[in-house]
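Sequences and hints are given; from them, build the entire structure.
These protein sequences, in sequence, are chains R and U. Position 132 of the first sequence, counting from 1, maps to 132 under the numbering used here, and the rest follow consecutively. Position 141 of the second sequence, counting from 1, maps to 141 under the numbering used here, and the rest follow consecutively.
There is no bait here: all hints are sound.
Straight-line distance between alpha carbons at most 27 Å, and here's what the computed DSSO-like set of lysine-lysine pairs gives:
no.: 1; chain 1: U; residue 1: 305; chain 2: R; residue 2: 84
no.: 2; chain 1: U; residue 1: 147; chain 2: R; residue 2: 125
no.: 3; chain 1: U; residue 1: 227; chain 2: R; residue 2: 40
no.: 4; chain 1: U; residue 1: 313; chain 2: R; residue 2: 40
Chain U side only, calculated, beta carbon under 8 Å to chain R, not exhaustive:
no.: 5; residue: 77
no.: 6; residue: 150
no.: 7; residue: 152
no.: 8; residue: 153
no.: 9; residue: 229
Some chain R residues judged to face chain U by a derived CB distance under 10 Å, without partners named:
no.: 10; residue: 74
no.: 11; residue: 77
no.: 12; residue: 81
no.: 13; residue: 95
no.: 14; residue: 104
no.: 15; residue: 115
no.: 16; residue: 122
no.: 17; residue: 124
no.: 18; residue: 169
Worth flagging that the hints you see were computed from the coordinates, not collected in a lab. This one's a predicted model, so the numbers in the text were calculated from it and none came from an experiment. Heads up, the beta-carbon is just placed ideally off N, CA and C, and yes, glycines get one too.
What follows is the residue order along each chain.
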Amino acid sequence: MGIEPVIEARHLSKTFYVREKPVRSIREVVLNFSRLAAQKHKIEALKDINFSVNRGEVIGIIGRNGSGKSTLLNLIMGSMKPDKGSYLKAEGRIMKLALGMGFDPNLSARHNIYVNGSILGLTFKRIGNVFWDIIGFADLEDFVDTPIKYYSTGMKTRLAFSIAVHADADVFLLDEIVGGVGDEGFKKKSQQIFKDAFLAKRTILFVSHGLKNIKDYSDKVLLIDKGRQVAFGDPAEVLAEYKKLSRQFENPHLVTS
Amino acid sequence: MVLIINQKVNSINDKGTNFACIRNNRHMKQITHDSATFATILVHVEKCNMLGSIVGRAVKYLPENNRLERIWKLAQIDFLRRYYNDRLGLLWALINPLFQIAVYYLVFTNIFNSREENFILFLFLGILIWGVFSEATKGSLAILRSKRYLIENIQVNKLDLFISHTISVFMGFAFNITIYLIFAVFLEANFNLNIWAIVPVLITLFIVCMGTAILLNTAYIFIDDIKHLWDIIVFIGFWSSGILYSVDKIVEVFPAFVYLNPFLGILKNARNALLYGIPPDYFLLLYNLTYGLVLVLVANFVFRKCEHLITEKL
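Here it is in structure tokens:
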């Protein structure tokens with residue numbers, strides 16, 4: 001069809017092997033050497049996920065707590081490796097935005113902007129050019145050289161959002177900070193940006209429990225439950241599915257009756 | 001008065017890289033409180049800024065490269081954090097080796113009757129070089145945790161983290177080696193054209209440190225208390241690398257050890273260049289350089305195999 005998907009997952013699975021008692025010290029490694037394989041406890045965090053995302057699409061990801069949403073984002077980031085047999089393609093510079101993310105708490109906003117921007121592919125010259133835009137957008141003019149650890153959560157999120165918007169990452173993974181963050185003023189601004197980012201052909205995957213956000217912003221929705229893909233596609237249909245699932249979860253006896 | 005100093009600090013800051021930035025902010029507070037320390041603070045800020053702007057200028061002449069810039073910035077930040085959180089700052093990096101030298105000097109000249117020529121400089125150089133290795137490897141164990149914020153949220157090349165950490169250790173070393181050179185002039189070390197050999201020696205030192213740091217961190221992904229084991233290895237290394245006595249004495253007893261421990265060759269050639277003024281041992285120079293390169297390649301290969309486990313395990 002000519003459109004190359006930016007992110008594509010086929011039979012994507014992720015299994016964790018967890019030990020009841022973690023073997024993390026030299027003594028334990030030596031003592032447990034022969035039994036290393038035996039005591040493992042298998043957790044299938046994700047099982048057979050199939051979806052693809054085209055450039056410029058906004059994908060909402062929903063699911064109850066512990067359903068594997070964060071693991072999915074980590075896999076796309078590349079900070080975890082999928083199981084054998086999985087196929088996962090994720091192109092471009094990817095940045096994850098989550099609460100309390102991406103900053104060195106002991107450094108000032110200035111240093112953090114340079115480090116983060118640079119990793120997202122900007123040269124220092126370009127960062128210098130947009131530096132005050134980033135600060136201005138996040139309303140942090142008075143705190144440029146204050147260490148991040150003194151920032152409030154709202155300030156941190158605003159800064160992360162602002163860096164991401166100015167840094168031209170190709171794919172954004174948003175963990176629970178969709179549909180605006182901060183007070184009303186900033187919320188409006190970030191909502192606007194959220195729509196503009198869509199217009200600017202950027203690709204966004206976001207995790208949210210707010211069904212209204214999912215409905216308002218996403219082109220497609222992926223619903224996962226207990227690591228398994230329940231539905232992927234049109235928001236209205238998937239949301240109906242999700243509501244059905246939640247009802248089952250709240251009143252298990254309803255299903256049987 | 002406060003205003004003038006504020007302006008001066010600012011102008012210093014604007015001139016060079018923003019090397020003094022973190023300090024600057026904190027110092028502003030101090031300045032308004034404590035007028036007696038004005039002079040010392042200014043000298044301090046200017047000194048650290050001088051070093052920064054020299055290297056900063058050198059970096060500016062390089063072609064604009066995103067990766068180099070980033071590595072340099074991370075190294076700078078690392079360096080600032082290590083030394084500029086306390087008043088004496090960089091001086092701490094010097095005080096430690098100086099005290100070690102004083103103690104070893106007294107013990108070895110008075111009790112063991114060491115007859116090394118120019119023993120103070122002999123010790124100074126050995127302890128400085130071993131200090132680089134010890135700091136570059138031990139300090140690297142904090143990287144994966146302290147830079148976790150980058151690893152998890154942005155696709156950072158982890159190799160950059162190791163390169164920049166090693167560079168930051170070498171920044172402190174650059175300061176120390178300058179002090180050594182000043183000492184060496186006064187204590188009449190032999191300087192001549194053979195000094196060129198220090199360049200390959202330092203390159204070897206750099207890659208050996210980096211390779212070891214990467215390997216150590218790979219182990220750290222799986223074993224939490226590798227630090228204690230490493231402390232022991234560093235301790236053994238300190239006593240077996242010819243820091244306190246001539247390298248030749250070890251080679252006489254264990255000839256093969258020179259192939260195993262690159263520091264025997266590194267120290268020997270560093271002393272030849274910066275103390276005795278005689279040509280390097282060319283075989284060891286080349287051998288160690290190759291040793292270092294192989295070490296980095298192997299370390300990188302092993303680390304790449306395991307790096308996806310960082311988020312899971314740490």
